[in-house]
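A.B. asks: Okay, here's what each chain looks like letter by letter:
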Amino acid sequence: MRYRVSKSVLRASLEGEEVLLSTETDQYHVVNATGQAVIAEFDAGRSLEEAVESLVADSGKPVDRVRRDVTEFVQALLSRGLLETVDQA
Amino acid sequence: MDLQMDSQIAPESAPTRPATVGAALALWSQARTRQAAADLDRARIPVLLLKGPDLQERLYGTPAAYPSGDVDVLVPRRLRARAQSVLVRAGFRFDPSNGLLWRMSAAASYERKGFFLDLHWGLHAGHLPSWCFRSLERDLWANAKPAAHGMLEPDLESLIVFLAVHAAGHRFERVEWGENVRAAAALHPDWRRVGKIARRARAVGAVRRVMRLGEAPAREQPVLDGAYGRFVSVFSWLGRGHFVPRSLRDRLRDPIELWRSGFGFTGRGGSKRVVGGLRFATPRGVFRPGRLATDLARSVLAQAESRTAPVLVEVGTGAGAVALLVAKERPDATVHATELSVRAVGAAKRNLRASGLASVHFYEGDLLTPLPYELQGRVDIVFSNLPTEAAALTGGPDPRVPYRTYLGRDPDGLGLARQLAGRARTFLKPGGMLLLMLEPWQWDVILPDLKRLGYAPADLQSPEGSPFVYGSLRLLGKGPA
Chain A
114 MRYRVSKSVL RASLEGEEVL LSTETDQYHV VNATGQAVIA EFDAGRSLEE AVESLVADSG
174 KPVDRVRRDV TEFVQALLSR GLLETVDQA
Chain B
257 MDLQMDSQIA PESAPTRPAT VGAALALWSQ ARTRQAAADL DRARIPVLLL KGPDLQERLY
317 GTPAAYPSGD VDVLVPRRLR ARAQSVLVRA GFRFDPSNGL LWRMSAAASY ERKGFFLDLH
377 WGLHAGHLPS WCFRSLERDL WANAKPAAHG MLEPDLESLI VFLAVHAAGH RFERVEWGEN
437 VRAAAALHPD WRRVGKIARR ARAVGAVRRV MRLGEAPARE QPVLDGAYGR FVSVFSWLGR
497 GHFVPRSLRD RLRDPIELWR SGFGFTGRGG SKRVVGGLRF ATPRGVFRPG RLATDLARSV
557 LAQAESRTAP VLVEVGTGAG AVALLVAKER PDATVHATEL SVRAVGAAKR NLRASGLASV
617 HFYEGDLLTP LPYELQGRVD IVFSNLPTEA AALTGGPDPR VPYRTYLGRD PDGLGLARQL
677 AGRARTFLKP GGMLLLMLEP WQWDVILPDL KRLGYAPADL QSPEGSPFVY GSLRLLGKGP
737 A
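Chains as they are written, first to last, in the numbering used here: chain A, 114 to 202; chain B, 257 to 737.
Please note that a few of the clues may not be correct.
[As the list claims (entries may be wrong)] So the derived list for chain A, only partly shown, Cβ under 8 Å to chain B, looks like this:
#: 1; residue: Leu123
#: 2; residue: Ala125
#: 3; residue: Ser126
#: 4; residue: Leu127
#: 5; residue: Glu130
#: 6; residue: Val132
#: 7; residue: Leu134
#: 8; residue: Thr136
#: 9; residue: Tyr141
#: 10; residue: Val143
[Said to hold, decoys possible] Covered by chain A, per the in silico footprint, the following chain B stretches (three or more residues, Cβ under 8 Å):
#: 11; segment: 284 to 290
#: 12; segment: 318 to 330
Note that these hints are calculated values from the structure, not bench results. Cβ atoms here follow ideal geometry from the backbone N, Cα and C, with glycine treated the same way.
In isolation and in its complexed conformation, chain A is listed as follows (with noise of 0.2 Å):
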């Protein structure tokens, strides 16, 4: 599955971490560096399986473990309205 950042989400990039603002709720979001890497996979157009195995490559975690993480970030991201699937667009 592919996703990207929806658009009418607002982002701005710093070190370590990234805020995001969606504007239809008019909420602020705040994800670290890890969340961070996780937005950037998607920005290149990865699928969450591809976004994964690099993950996996940086950190040398267990790539189960990584999997369950980002499904729950991916799934934090979605219900917020932050995230939506390429497809749906």
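Given chain A, work out where chain B should sit, using these hints.
C.D. replies: Below, chain B alone, put in the same frame as chain A:
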């Protein structure tokens, strides 16, 4: 894996990184700019972006490259009235600080819940009227393209000339304005086209000055080139009545603008109260002294304790309460206090006469501008209770705040504090102190800026029950501007 997401930024819940708050505030401003542009677009009014977070994103790759409350958009001249009416219908309020000459500048400010939008239907720079910049205006429109943010944006070459004219026209007041030109120059413009546009706009000198100097020139130079530039500069200076002293212009304008804000022409019907053993009369349209005044006076006195015959400066004195309370407790001190509102200065002077104190001097004007030259490098403490309301977090300025006392436009509310800290370095003696009162989270945001200016935090205290932290900073050296 450490994957974290916070669902909101609550500045009061420490620790929040200053950069994070800055980024959130920039996004707040960016969202409101786009909302206003969409309102105008629905009325089929093309909107060209001149300044704001979206320009920062174009030049620096982030909308939060530097803190700024400046958002400027250009609409076609013929659609000016329609654009103004669309903004008013969308809940924007014509900002009374537009003064009397906004038509000559072809621009007006509008405010909605603390967000300020400068609507232009022509260009101006400093006191030069918009007809001087017709050629540049045509160039900006001619090659503008729709951008991802939904507004039009000018081509890089016209943008460089506009930004240079803007920086020069405002006498390089903010370092970032010069930086903007150089950031745009780094995006590989066609310099031959820049030259052509600058020649048509008679702004070759302005572009060269910004690119070469990177800072304010030693003396004021006309914005536009040659004899024409000098003629226009003198003509508009005279036309705008700049030969009339500023204090007189303010004296004429102040009652009208206060009246427009609902505080009456004369200020009669104000209040009288005793604070710290002194009697203060405050007309309508001027803040009444209270707990904040006594807390600030106490902080100043504590900082001045070890200094003999200190020279103290208060900025934004209002009815003069803090200055007079400090002078009463420290008869050996000399207190100089500035205030922008003519009405407030009048009240402060009356309160001074009633107090019988002799060592306090009140001046009318902006921040430190009206202080005598002789005070430069001689001041022990500069202190202030500046307006620092963060519009992005409070939903806009308190409507009860008298006009001409709320002037901070930066979404984090710290624009005036930053300006004061920069200018205070000229007046403070080495080891002199700057004393500000801010909300706790604002200290996290502003401290890095103050350190860059050469200040070191000396003492941060919050009196019991106060929402503010009173912070004093020692000027160590004069860091880069």
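A.B. asks: Would you mind marking each hint as holding or not holding in the structure?
C.D. replies: Hints, one by one, checked against the model:
no. : hint       : in the structure
1   : Leu123     : 5 Å, holds
2   : Ala125     : 4 Å, holds
3   : Ser126     : 6 Å, holds
4   : Leu127     : 5 Å, holds
5   : Glu130     : 7 Å, holds
6   : Val132     : 4 Å, holds
7   : Leu134     : 4 Å, holds
8   : Thr136     : 5 Å, holds
9   : Tyr141     : 5 Å, holds
10  : Val143     : 5 Å, holds
11  : 284 to 290 : holds (count 4)
12  : 318 to 330 : holds (count 3)
In terms of the numbered hints stated before, the structure departs from none.
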